[in-house]
Amino acid sequence: MTSLRAVGGLVIAMYSHLPKYAAAFKTQLQATQEYRANWLLSILCEGVPLLGILLFWSALFAADTGATDASAAGAVYGYSQAEVISYYIVIRVLNGLFPSVWWEVGGNIRSGHLADFLTRPIDYLGYYTSLMLATSSQYILATAGVLAVVALWFREYLILQTDFLSWLLIAVSMVLGFALSCLVGYLVQLLAFWFEDTTGVLTAQHFLVTFASGFYFPLDFLPGWFHAVLKTLPFYYPHFFTTQLYLGRVNFGEALVGIEIEVLWVAVLVVVVRQQWRIGLRRFSAVGG
Amino acid sequence: MSIANLLPDEAAESIIAVDKLKRSYTTYHKEPGLLNSFKQLFRRRHKVKVAVDDVSFRIRRGEFVGLIGPNGAGKTTLLKVLAGVIYPTAGAVRVLGHSPHLRSYEFLRSISFVSGQRGQLWMELPPLDTFHLNREIYEIPRAQFEERVAELSDMLQIDDILTVQARRLSLGQRRRCELALALLHDPSVLLLDEPTIGLDLPTQRRVHDFLRQYNRHRQVTVILTSHYMPDIENLCPRVLFIQNGTIIYNGSQSGLNRLAATRRVSFALSSKATEEQTRAVTALVRRFAVVAEDGVSAGEDGGQYSLLVDGSVVRELVAELIAVDHLTDLRVEAPPLEDSIIDLFESRGGAGDSHV
Amino acid sequence: MRYVRMLVTIMSASLQAQMAFRGSFILTCVSTVLEVGLTLVFFNLVFAARPTALGWTYQQVLLLVGTYQLVEGLFRFLLAGGGRLAQLVETGNLDMILVRPCNPQYLISIGRVNWQAVPRALIGLTVVIRGALAGDGLIEALTVTWLAAAKGAGLYGLLVVAAVLMRYAVSYMVNTAAIWLVRVDALQSLAAETFSLAQYPAVIFKRGARLFFSFVIPVLFVANVPANALQSSIGAGMVVQAILTGSALLMLSHWFWRYALRKYSSAGG
Chain A
-3 MTSLRAVGGL VIAMYSHLPK YAAAFKTQLQ ATQEYRANWL LSILCEGVPL
47 LGILLFWSAL FAADTGATDA SAAGAVYGYS QAEVISYYIV IRVLNGLFPS
97 VWWEVGGNIR SGHLADFLTR PIDYLGYYTS LMLATSSQYI LATAGVLAVV
147 ALWFREYLIL QTDFLSWLLI AVSMVLGFAL SCLVGYLVQL LAFWFEDTTG
197 VLTAQHFLVT FASGFYFPLD FLPGWFHAVL KTLPFYYPHF FTTQLYLGRV
247 NFGEALVGIE IEVLWVAVLV VVVRQQWRIG LRRFSAVGG
Chain B
4 MSIANLLPDE AAESIIAVDK LKRSYTTYHK EPGLLNSFKQ LFRRRHKVKV
54 AVDDVSFRIR RGEFVGLIGP NGAGKTTLLK VLAGVIYPTA GAVRVLGHSP
104 HLRSYEFLRS ISFVSGQRGQ LWMELPPLDT FHLNREIYEI PRAQFEERVA
154 ELSDMLQIDD ILTVQARRLS LGQRRRCELA LALLHDPSVL LLDEPTIGLD
204 LPTQRRVHDF LRQYNRHRQV TVILTSHYMP DIENLCPRVL FIQNGTIIYN
254 GSQSGLNRLA ATRRVSFALS SKATEEQTRA VTALVRRFAV VAEDGVSAGE
304 DGGQYSLLVD GSVVRELVAE LIAVDHLTDL RVEAPPLEDS IIDLFESRGG
354 AGDSHV
Chain C
150 MRYVRMLVTI MSASLQAQMA FRGSFILTCV STVLEVGLTL VFFNLVFAAR
200 PTALGWTYQQ VLLLVGTYQL VEGLFRFLLA GGGRLAQLVE TGNLDMILVR
250 PCNPQYLISI GRVNWQAVPR ALIGLTVVIR GALAGDGLIE ALTVTWLAAA
300 KGAGLYGLLV VAAVLMRYAV SYMVNTAAIW LVRVDALQSL AAETFSLAQY
350 PAVIFKRGAR LFFSFVIPVL FVANVPANAL QSSIGAGMVV QAILTGSALL
400 MLSHWFWRYA LRKYSSAGG
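These protein sequences, in sequence, are chains A, B and C. 285 is the number that the working numbering gives to position 289 of the first sequence; each next residue is one higher, with no gaps. 315 is the number that the working numbering gives to position 312 of the second sequence; each next residue is one higher, with no gaps. 268 is the number that the working numbering gives to position 119 of the third sequence; each next residue is one higher, with no gaps.
It is worth saying that the hints were derived from the structure and are not from the lab. All C-beta atoms, glycine included, are put in the ideal place defined by N, C-alpha and C. Each hint should be verified, as a subset may be incorrect.
A few chain A residues that face chain C, going by a derived Cβ cut-off under 7 Å, partial list only [what the hints assert, rightly or not]:
no., residue
1, Ser38
2, Cys41
3, Val44
4, Pro45
5, Gly48
6, Leu50
7, Phe57
8, Trp149
9, Ala200
10, Phe207
11, Ala208
12, Tyr212
13, Phe248
Construct all of the structure, not just a fragment, from the sequences and the given hints.
The following block contains the structure:
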């Protein structure tokens, strides 16, 4: 189980560097609050598109003149109004906790730190993770208010999961999802670096990854084959799969399968990241020494 | 806003008239730290700074004036007021018969503002393309435009780089193109904010030669701010010295020197001098020096001395020094403007920033 | 007249300047296609399950999505120079613009023509044409008379121009706030997100929201109104409203800008 050891090693290494990360965390928070109006408004930014889509769905269901698909009356692709509305809210919460696409977190990943990136990859991954944690918690602070308002507004359609077992599964999926999200984001940054590109590649894949994570609409809207393909990808799990667990749309058997796939992807990506370290180190020492 | 207090002929002659100009503004400041970041969200502390205070002067057509002073003294603020970018808080400003802050078309068309730190050339294009853009903005007739381009590129020696992408040019080449750009529309008043900043010495000299030539031939009034003393020394027969927002000197460059009236006295004391003689010389230096520079350089050849002395006592000092044995290479010079200014600070007891 | 010549000169200069970045250009095209494509996939899926959801058909929604992208594309192409304002203030380069004998709002707004936004406008137009020809509305008008079709298209063009100007006015007001707020990218994002609501049929908004989105932030004029024009279901009153709202917003943005400039010039620049 070299992968397990690798993950363990990662965790220990990160833990030992905590003070440094805490500093990065604090600076990140401070820097964003400097421009107060800007900060307050970025909170609102979350609310507008969410409200838009929810209003759209509410109007759609309200004007419902009958279903054309064979599923339950009034449902769209098997989603009731409550399920659709809850879906969008929950998936936004998850997207905030661990974004599907990490942009230039703090804006400083590319330039200053690439040397660190290659020589002290553990440090760098830890640093990266702490930045992401900072961004996550900022997001929570900032958008909790907006999400609460929206949730209240649509409270009659908000589904609340109460089953303990489901929550257990959700918790497991979230932890794995966070790890997956970090790894995927890290590798995407890598990709951009190896391609010596800037915003081009990142922008293009931004839409695809966000789409594949279910942010724009529930992935089971799509035709069966398309959905099946997406299920094989790591992007499917941190947000969409976890949301499905929350909504109770997955039975226990399917849930286990899903979690297994999540674990598998984490393992695979850890190996890939380790491989990249070796290559990078070799390349770096071959050049500079 | 009146220029009534000007004598009629003065008013007619001067193309720039400033009276009791005052300019102040508020700034916000924040303490460092996370807690204060939060506090700042709710309440901010501000203070009022007076950038320019009760400033008055006249400038005539064709003059070349230097605006000097320490950082934050108000030089750039004053220049911006003359350009109409900033409003006066109080007082009257008249340039070419216009109130600059009204920003009328005729006024803006007759002035040019060049900032050494803020280039106007499009980096991805050859300078000539930016010239064409300016041609549209300033509505320069085609014939005149071609003529000006030819003339300026000849004077600035930029003929061969006009069609090279600006990004590929050196800073010096770009700066010369910026100057040409600024003069295409034949302005009557040229305002230069640190025009030679970042340039190497040869390029500085070329820019100086050009500006001097241009000012003389076209009778263009030039106002220049700079931290580079050579800019002022080589170009500005007239100098306005600003410190803490007020003009403490308004006159000729040589007058400034005379006012500061320091002289640099330097000499060498050979090692053959006795200890007593050395002590006497050291005492003399201490007594007369305004600013004592390099002291004794220990060595076999004896000490080299150099000191700034107030003009009124130079004679006295020289008389005493001549009497000293083994003293050679006695020289008395008018020091560069820079040193006069340092002296000016210290004699006025100003706690201003050290200049340079 | 010289303002037109200036625009042409800047357009040509910008094109030359941006020609160097061909790779980035292609990628922008790709990401725009993805963005629009995803929106269309969504609506396609929804309308597959509910062919007449909200009283609209998929083809009609194409008009909305396409018009929104057309308006957004034209705006970003010609009039989005205001986005530089924050940077101009910070670097002090705003002074250099103020010193020129030209309306600074104009100079800033068209200052950097962005050719990379042209694909967005073209894609939008393509979607509109697809929607207009494939479904009801225009095709019916076509079969009726050429005149009706021309009238629809003409009104559409006029309303699109009005929409672009409205989008510009709101955006420029946001940018003007940079003189106080220094950084306005969040506010800009908020404006952009709000305008993206234009892609939804107006019926999803209740009365109050509809009023707000007509007169305060004219989201509905961006896509819904022009789309209606294409379907010949629009009255003269709506056209007049569009023109009036557009003019009012332009004047407001200009007034606000003048006010901000006075503050800027009083604040030491």
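For each hint, the structure was consulted:
1. Ser38: Nearest chain C Cβ about 4 Å off; hint holds.
2. Cys41: holds, 5 Å
3. Val44: Hint on A:Val44: holds, closest Cβ of chain C at ~4 Å, below 7 Å.
4. Pro45: holds, 5 Å
5. Gly48: holds, 5 Å
6. Leu50: violated, 10 Å
7. Phe57: Constraint on A:Phe57 not satisfied, violated at 9 Å.
8. Trp149: At 12 Å from the nearest chain C Cβ, A:Trp149 fails the 7 Å test, so the hint is violated.
9. Ala200: holds, 5 Å
10. Phe207: The hint holds - A:Phe207 has a Cβ within 7 Å of chain C, the shortest such distance being about 6 Å.
11. Ala208: Because about 11 Å separates A:Ala208 from the closest Cβ in chain C, which is outside the 7 Å limit, the hint is violated.
12. Tyr212: holds, 6 Å
13. Phe248: violated, 28 Å
Figure legend: structure checked against the earlier numbered hints; hints not met, in rising order: 6, 7, 8, 11 and 13.
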